[in-house]
Amino acid sequence: MGSPLGGWPSYNPHNFSQLVPADPSAQPSNVTPATYIATHRTDPPPNQVITTEPRNILLRHFYQKSEEKLRPKRAAPDNLAPENNNKQPRGTVADVGSQSNARS
Amino acid sequence: MVRFFRSGNLASRVFDRQLFSSRPGAAVRFLVLPLSLPLLLVRFLSCLVGSCGGCVENGQSVAGFLPWSGGSTALVWRGLDLVVYRPIWLTYSCNEECDSHALPPKAKKFDSFFKQLYSIPLASSNEYICKDFFLYMECHQFGLFATSTAQSNDSTATEGAIHGVPSIEKITFYLVRLEDGVILDEKAFCNDFINLAHSIGAYLYEDLLCIVSLRYQIIHILQIRDSGNLVEVRRIGAFCQEDDELFLHSHVQTGYGGSFLPGIKQRLLSYIFRKTWNEVPDQTLRVQHLKKKFYFHFQDYVDLIIWKVQFLDRRHLFIKFGSVDGGVSRSTDQNLAFFAVYNMETTDIVSLYQNSSEELYSLFEQFYDHFHANPQDSSRGKFISSHSNDVHALDQLRTIKNKASSSSQFVKKMMVSLPYTCQSQSPSPYFDLSLFRYDEKLISAIDRHRHCTEHPIKFISVRPPNVVKFKIKPGLDSGASDSRAKRISSFLFHPSFPLALSIQQTYMQPTVINIHFRR
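Same order as they appear, the protein sequences are chains U and Z.
Using our numbering, you'd call the opening residue of the first sequence number -12 and step up by one each time.
Using our numbering, you'd call the opening residue of the second sequence number 307 and step up by one each time.
Just so you know, not all the hints are guaranteed correct.
Derived lysine to aspartate or glutamate pairs resembling EDC-like cross-links, with alpha carbons at most 20 Å apart [unchecked claim]:
no., chain 1, residue 1, chain 2, residue 2
1, Z, K719, Z, D631
2, Z, K779, Z, D753
3, U, K56, Z, E665
4, Z, K476, Z, D438
5, U, K52, Z, E665
6, U, K52, Z, E585
7, U, K52, Z, D654
8, Z, K581, U, E55
9, U, K52, Z, E671
10, Z, K581, U, E54
11, U, K52, Z, D619
12, Z, K599, U, E55
13, U, K52, Z, E664
Derived by calculation from the structure, the hints in this document are not laboratory data.
Isolated chain Z, as found in the complex (with noise of 0.2 Å):
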């Protein structure tokens, strides 16, 4: 597959077009995007919008930006209301040449580049909005968004409940319509455990949401009806199959003193099992490796928690287990983890894999955009650019894996991603890595939280010549900031307009946002 073009000329390019195929999906934008960038020389101009710190006319602040939501909204917090935007474009008259004309002064408001669509309250008064929850169905233009009451950090061992993890009293999902603003179905979640920050604890593919809720261990699947109503379906933790309660239960004498380990505990126990007892052939060796390999490692076995699910299809998981220290936290370290791939309807373990594994490793690097695929959401999955679909990714990958210093702790710092995390890569062109180059620890398709940097970021080009195409300043335009002061920059790229977001956020001083757009 020819990669470049061997001329700019539109009608040549149409008629290569012909003869060589481009990635499936991306057919229209391979094509239309290469001829715009390099004519028309993009350029970003990046406007300050209210130089006290964000401010939108009621002088009620912006708390923070959503994803774009199928490219036509765009959500803000205010307080506890939720307003949903739409993207308009700045438009202005000059009498003079306009390219060389500065900007006017109402390029600095924010109302020119988004218009409001409505403003519905959410949270109430001692539950605050979770930021950066947010999930979107694109087939009916549903979001969900989740409120929460403060966490508290004192978690009194209730019957269930795993300790070691804090307790949040009311976490509420919401299931919002997004055309109108009509909040259709919610969900609560009381004295629970929900990782909400970037969305980690739930999962929407198709219409089956996934929450993990990591104090009780329990893995809710909710199915989002046409309706816009939120149904759970499943619940698995101590028990999998829907009568499993009601078979222990009706089975079970009376006075036994133990009790049973919960469900999917024993799924995955017997998987291990029978996976070392097929290891040695041999009787008389058989258990003695077990002993070794199985019973040693019993009661870690056991210790184990979910930590984060994703879906890789309509019936089958793939589960994070780990231990409770390094659950609730997003740090990287580097202990021990396994994957495990979970069918829901034969309550089976398929595979289990530990972090460290080489043969993960190679399913991760041959088949990633598998772990994102969801074939409703076409406008989305098709257009992520990763080393799994881009030989430039896959070249930088090897390179990095080359240089480590040592295999295993580098299959164990890529599997940190895994489960994928549900929507959170931006399909924006500006990240396809066969188009552009850019340092990738200051800016990335993942939505992320990231140092801020005085010097603008580059986007270079892949194709020679290897010019700058554009770059991205982050920061204040103008004056000299505080370098002392610790700043974290996130943006958010439209997944298909040349717009794009930047938010600073500096300890103790106000938001500051920008607007970058192509003149």
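Isolated chain U (complex conformation) (with noise of 0.2 Å):
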């Protein structure tokens, strides 16, 4: 039919013979517009399976939030004064918070 809506079912296609396009000289664009080619692969873990949380969001929430209340804090070191120009190796993100807090 050459309509922009290409040969979708419809219960009588004759419905659309009247379509007339609003701009009479515009051709359809023959470009195909780009399309995403992902360069990792795309495809779900062989095994896996999704299923619905059983706890709903708010004892999510609850959870959560008891979760951080009870996981112990990491405490400061016990040399607060570093002993050689202030220098001391790089740990691991964590314990940057805490050096820090020792430092000042």
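With the hints as a guide, dock the two chains, each given alone in a separate frame, to form the complex.
Put into structure tokens, the structure is as follows:
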């Protein structure tokens, strides 16, 4: 039919026989839009099973907040004054916070 | 999500519905109701049922109504009996144009609106039926009722009982199959106290029922079987795990002077201890912090009692702890209270909040629907409009919060509604805050007694034009009533039909019941 709607199924194809393009001079564009092609594998892991989390969102929040409170905070290191020209070995990201607390 | 449709044309609304999605579960109602209400101009008429104060034909008086169970029955107490009615529609014929015609005299009779299905005796002679206790189990159409003997205020100290909590000689719960009125099972509690007003002391979640014994500080978890039997599955209080009692008796040496704290209290204290311990990482400061925050208040924590409990899901309970003097009354005083989330299977307290906690308030604001979520109760839970699912209600709440003088007082006031009271909110679309605006002090989805007003209660449409859609007049239709007498009114709305009852009680005067329906 050449309509921009393509050959989609309809009850009565003649319903669209009166369809007139708004701009008669416009040609249907032959340029296909660019598609995205992933550079990595997008397949899901082979044994993945997606299920609904049994705990509702309210309970998840309760658990999450209480885990934050009950997680033991890292204690400040005993050696508060650095001995050798303020250089200390760089620890993990979690350690950086406590070390900066110790220094200040 | 578009909240309003562009035109009143039914066909265009159906097409719009394909493009715009509405709230899950409310799709059907949302489509049909806004169409029917503006187009047919809902007009509520009130008609007095029995000018002798709500008398039905036998001369016995209607003591009260209970919320609609599944929309098909209305329950009435008549003395010691439970009478179940089915709502029928008033039908009449007239020669002239019916709209302008006044209602026929039979519209003033209760029987024109309700048809009696059966009557069963529940309470025996020295007991009375608790008029505002009713829980409904939708899947099997079971109803839970309660009868009790008179409350005795002299609470003699018996072992395990809390001082200051009154005692009732016998409280009996009845499980009734509402289809035919057969009493399937009953469970009695003797010399105990359970808060039966407005079903506060019990909570139904799927087939689990929890009953809070305030006097003995025990949470009874019962399961309602398909056969209709009530089976006790857990008893949380003195002991948490099933074998705690056995373990303690077999391991504790005889002659040990002290006594153990109740299991639930021990869990509470250990949670507070661990939380306080983890607050300070430094070893030297930790002990000082514990002394100040935990040991100094130790006795206050030990003296806390369980007030109210609800299910959050099949494994978790949401428990309110407070001081003894605030436990029995339903006053909204601002005493200290704690909310705990308790996991019944691990018997751990998952989290604990004070009633002024901003963190708990933010969860209340965002996820209030999950406090009354009940997956089985689909016809009810989905249609309750709250500030968590409705932007108008959230706006109202935030306005009140901004106007409040003290943030912590505001939070405490909001926390009074937690734990949620089972089946306390009506799912009627007339209370949907995205459809109507109404004065919540005079009428609301929560079934509660309110002071009666002289003026009719207006329901204003939320969508433009904001016109009054209909009014409900709870009082007497004719004549001037004695304005000095204190009148209390309560409302019962049918969950799906445009039918409502307003019950008005005046001290030392007969009860007046009005039936409101759409013509």
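The hints, checked one at a time:
no., hint, verdict
1, Z:K719 to Z:D631, "holds, 18 Å"
2, Z:K779 to Z:D753, "holds, 17 Å"
3, U:K56 to Z:E665, "holds, 12 Å"
4, Z:K476 to Z:D438, "holds, 17 Å"
5, U:K52 to Z:E665, "holds, 9 Å"
6, U:K52 to Z:E585, "holds, 14 Å"
7, U:K52 to Z:D654, "holds, 15 Å"
8, Z:K581 to U:E55, "holds, 10 Å"
9, U:K52 to Z:E671, "holds, 16 Å"
10, Z:K581 to U:E54, "holds, 10 Å"
11, U:K52 to Z:D619, "holds, 18 Å"
12, Z:K599 to U:E55, "holds, 19 Å"
13, U:K52 to Z:E664, "holds, 13 Å"
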